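Colleague: Listed below are the residues making up each chain.
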Amino acid sequence: MYGAANNVQLVLEQDDNPIYNTFPMLERIVGISAGDCHSLILTESGNVWSAGNGSFGRTGRFFFNLFLLLLYNYLNTYIRTGSGLDGHDSLVFMKIDPRHFDNVKVDAIAAGDTHSLCLCSGSVYGFGDNCSVKEK
Amino acid sequence: MSIASSENCLFYLDERGGILVTGSFGNKQIADKDASQSKRFKHMHVYFKDKNNNELPQFNFISASSKHAIAIDVTGQAWVIGSLKHGVGGFESANKFSFTPIAIPMSPFHHAKVLLTACGTDHSLVLTTFGLYSCGSNNFGQTGMTVLVLLSTNSTNIC
Numbered sequence: 001m002y003g004a005a006n007n008v009q010l011v012l013e014q015d016d017n018p019i020y021n022t023f024p025m026l027e028r029i030v031g032i033s034a035g036d037c038h039s040l041i042l043t044e045s046g047n048v049w050s051a052g053n054g055s056f057g058r059t060g061r062f063f064f065n066l067f068l069l070l071l072y073n074y075l076n077t078y079i080r081t082g083s084g085l086d087g088h089d090s091l092v093f094m095k096i097d098p099r100h101f102d103n104v105k106v107d108a109i110a111a112g113d114t115h116s117l118c119l120c121s122g123s124v125y126g127f128g129d130n131c132s133v134k135e136k
Numbered sequence: 137m138s139i140a141s142s143e144n145c146l147f148y149l150d151e152r153g154g155i156l157v158t159g160s161f162g163n164k165q166i167a168d169k170d171a172s173q174s175k176r177f178k179h180m181h182v183y184f185k186d187k188n189n190n191e192l193p194q195f196n197f198i199s200a201s202s203k204h205a206i207a208i209d210v211t212g213q214a215w216v217i218g219s220l221k222h223g224v225g226g227f228e229s230a231n232k233f234s235f236t237p238i239a240i241p242m243s244p245f246h247h248a249k250v251l252l253t254a255c256g257t258d259h260s261l262v263l264t265t266f267g268l269y270s271c272g273s274n275n276f277g278q279t280g281m282t283v284l285v286l287l288s289t290n291s292t293n294i295c
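Here the protein sequences line up with chains A and B, keeping their order. For what it's worth, our numbering labels the leading residue of the first sequence as 1, then goes sequentially. For what it's worth, our numbering labels the leading residue of the second sequence as 137, then goes sequentially.
Source of the hints: derived by calculation from the structure; they are not laboratory data. Only a predicted model underlies this, so the values are computations on that prediction, with no experimental measurement involved. C-beta: ideal position from N, C-alpha, C; glycine also. Treat the hints with care, since some could be wrong.
What follows is a set of in silico ranges between Cβ atoms, one per label pair, in the way DEER data are often shown [as the list claims (entries may be wrong)]: (1) A/S121 - B/N189: 21 to 31 Å; (2) A/K105 - B/N190: 40 to 50 Å; (3) B/S141 - A/S121: 19 to 29 Å; (4) B/R176 - A/D102: 40 to 50 Å; (5) B/G162 - A/V104: 19 to 29 Å; (6) A/N130 - B/H247: 35 to 45 Å; (7) A/L119 - B/V210: 44 to 54 Å; (8) A/N103 - B/K164: 43 to 53 Å; (9) B/M137 - A/G122: 19 to 29 Å; (10) A/R28 - B/T211: 35 to 45 Å; (11) B/E143 - A/L119: 16 to 26 Å; (12) A/P98 - B/S138: 39 to 49 Å; (13) A/V104 - B/A230: 47 to 57 Å; (14) A/K95 - B/N163: 33 to 43 Å.
If you want a taste of the chain B side facing chain A, the calculated C-beta under 10 Å gives, among others [to be verified]: (15) E143; (16) S160; (17) N163; (18) S199; (19) S202; (20) L252; (21) C255; (22) D258; (23) L261; (24) V262; (25) L263; (26) N274; (27) N275; (28) T279; (29) G280.
Derived pair list, reagent style BS3-like, types lysine-lysine, alpha-carbon separation capped at 30 Å [said to hold, decoys possible]: (30) B/K178 - B/K249; (31) B/K221 - B/K249; (32) B/K164 - B/K232; (33) B/K221 - B/K178; (34) A/K105 - B/K249; (35) B/K232 - A/K95.
Chain A on its own, in the form it takes in the complex (with noise of 0.2 Å):
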């Protein structure tokens, strides 16, 4: 049996700083996941949210995101972070178009380093990255 969690006191160092973004949502979250440089988002409904890199098309969103883009460029320098993006990249979680998925509810979802699945009712819808076959 291991040590129980009430005993084990928590390791922070001294020059701990919590660092942590929140934002609001407007449905309950029931998944998260995480690919290299982007993530995913499921909601109560079914929907599907994503935020971060869109190269590959692995964001699930196409369009381009240019009144982001220029605010972005506007105001990198009060941001902490590094640049990089192109017009596919999502500053902000961002709905995918449920007729992607055939606007049948998602189920579950799962974020590689370059391609996104997502479950829809026994069916798998992959987007991204498609060298190596990862879509069926």
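Starting from the known structure of chain A, fit chain B onto it as the hints suggest.
Modeller: For chain B alone, coordinates are given in the frame of chain A:
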């Protein structure tokens, strides 16, 4: 029981909530830091204790990337293992790597229980009963917070 894998490591939680691991984080042999071979599972509860020599708790969920892993114990406390760069554990630290699981600060979560975690290469997502949190590298906007960070303070929950 839970299992998590990345391109170079594999974590497995056994029926007692213990962490078994094989493979490496980058060039660090997380499974057996003192040996050149890492092709066998190592039981972290046997080999590791925290800095106060306490045993590790029972875990019920783990997620992993190629550089770090985040496990959740039975009380809802999250622990980070491996790389600490870019603040993937949700805190800044002078140490950039830890073989031993480190309990991450729960104050940003308002001490709400952690339900799920997801590890990207250099970023992390943490879902709690209070809301969703992200941390780590945001060079591609993968934490989903680039714009909103500008409009709010880092540690203020705006749910």
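Colleague: Now tell me, hint by hint, if it's right for this structure.
Modeller: Hints and how they fare:
For the hinted restraint 21 to 31 Å between A/S121 and B/N189, the CB-CB distance of approximately 50 Å leaves it violated. As the Cβ distance of A/K105 to B/N190 is approximately 44 Å, the hint placing it in 40 to 50 Å holds. For the pair B/S141 and A/S121, the beta carbons lie near 26 Å from each other, so the given range of 19 to 29 Å is met. Checked against the hint of 40 to 50 Å, the C-beta distance between B/R176 and A/D102 comes to roughly 45 Å, which is consistent with it.
Checked against the given bound of 19 to 29 Å, the beta carbons of B/G162 and A/V104, roughly 39 Å apart, lie outside it. About 43 Å separates the C-beta atoms of A/N130 and B/H247, a value consistent with the hinted range of 35 to 45 Å. Between A/L119 and B/V210, the C-beta spacing of about 27 Å breaks the proposed range 44 to 54 Å. Restraint check, A/N103 to B/K164: a C-beta distance of roughly 45 Å satisfies the suggested window 43 to 53 Å.
At roughly 24 Å, the beta carbons of B/M137 and A/G122 sit within the given window of 19 to 29 Å. The hinted range of 35 to 45 Å is not satisfied by A/R28 and B/T211, whose Cβ atoms lie roughly 22 Å apart. A beta carbon spacing of about 22 Å between B/E143 and A/L119 agrees with the range 16 to 26 Å that was offered as a hint. For the pair A/P98 and B/S138, the beta carbons lie near 29 Å from each other, so the given range of 39 to 49 Å is not met.
For the hinted restraint 47 to 57 Å between A/V104 and B/A230, the CB-CB distance of approximately 48 Å keeps it satisfied. For A/K95 and B/N163, the Cβ-Cβ distance of about 39 Å falls inside the hinted range of 33 to 43 Å, so the restraint holds. A least Cβ separation of about 7 Å between B/E143 and chain A falls short of the 10 Å threshold, and the interface hint therefore holds. Annotation: B/S160 was flagged as interfacial toward chain A, and the flag is violated, the nearest CB pair being 17 Å apart, outside 10 Å.
A least Cβ separation of about 18 Å between B/N163 and chain A goes past the 10 Å threshold, and the interface hint is therefore violated. With a least beta-carbon distance of about 8 Å to chain A, the hint placing B/S199 at the interface is held under the 10 Å criterion. Evaluation of the B/S202 hint against chain A yields a held restraint, the C-beta minimum of about 8 Å falling below 10 Å. Among the interface hints, the one on B/L252 holds; its C-beta lies about 6 Å from the nearest C-beta in chain A, closer than the 10 Å criterion.
Interface restraint check: B/C255 against chain A, minimum CB-CB distance 6 Å, threshold 10 Å, status holds. Checking B/D258 against chain A by beta carbon gives a least distance of about 8 Å; that is within 10 Å, so the hint holds. A distance limit of 10 Å between C-beta atoms decides the matter here; for B/L261 the minimum to chain A is near 5 Å, and the interface restraint holds. The beta carbon of B/V262 is positioned within 10 Å of a beta carbon in chain A (closest approach about 7 Å), and the interface hint is therefore held.
Interface restraint check: B/L263 against chain A, minimum CB-CB distance 5 Å, threshold 10 Å, status holds. Checking B/N274 against chain A by beta carbon gives a least distance of about 4 Å; that is within 10 Å, so the hint holds. At its closest, the beta carbon of B/N275 sits 4 Å from a beta carbon of chain A; the interface hint therefore holds under the 10 Å criterion. The interface hint given for B/T279 holds, since its Cβ lies 6 Å from the closest Cβ of chain A, which is under the 10 Å cut-off.
At about 4 Å, the closest approach between the beta carbon of B/G280 and any beta carbon in chain A falls short of 10 Å, and the interface hint on this residue holds. Annotation: proposed proximity of B/K178 to B/K249 holds, straight-line Cα distance about 28 Å (limit 30 Å). Restraint check for B/K221 and B/K249: the C-alpha separation of about 24 Å stays at or below 30 Å, so the hint holds. Taking the CA atoms of B/K164 and B/K232, the gap is near 12 Å; set against the 30 Å cutoff, the hint holds.
Of the pairs offered as hints, the one joining B/K221 and B/K178 holds, with about 24 Å between alpha carbons and a cut-off of 30 Å not exceeded. Of the pairs offered as hints, the one joining A/K105 and B/K249 holds, with about 27 Å between alpha carbons and a cut-off of 30 Å not exceeded. With a CA separation close to 34 Å, the supplied pair B/K232 and A/K95 exceeds the 30 Å bound.
Violation of the numbered hints given earlier is confined to hints 1, 5, 7, 10, 12, 16, 17 and 35; the remaining hints are satisfied by the structure.
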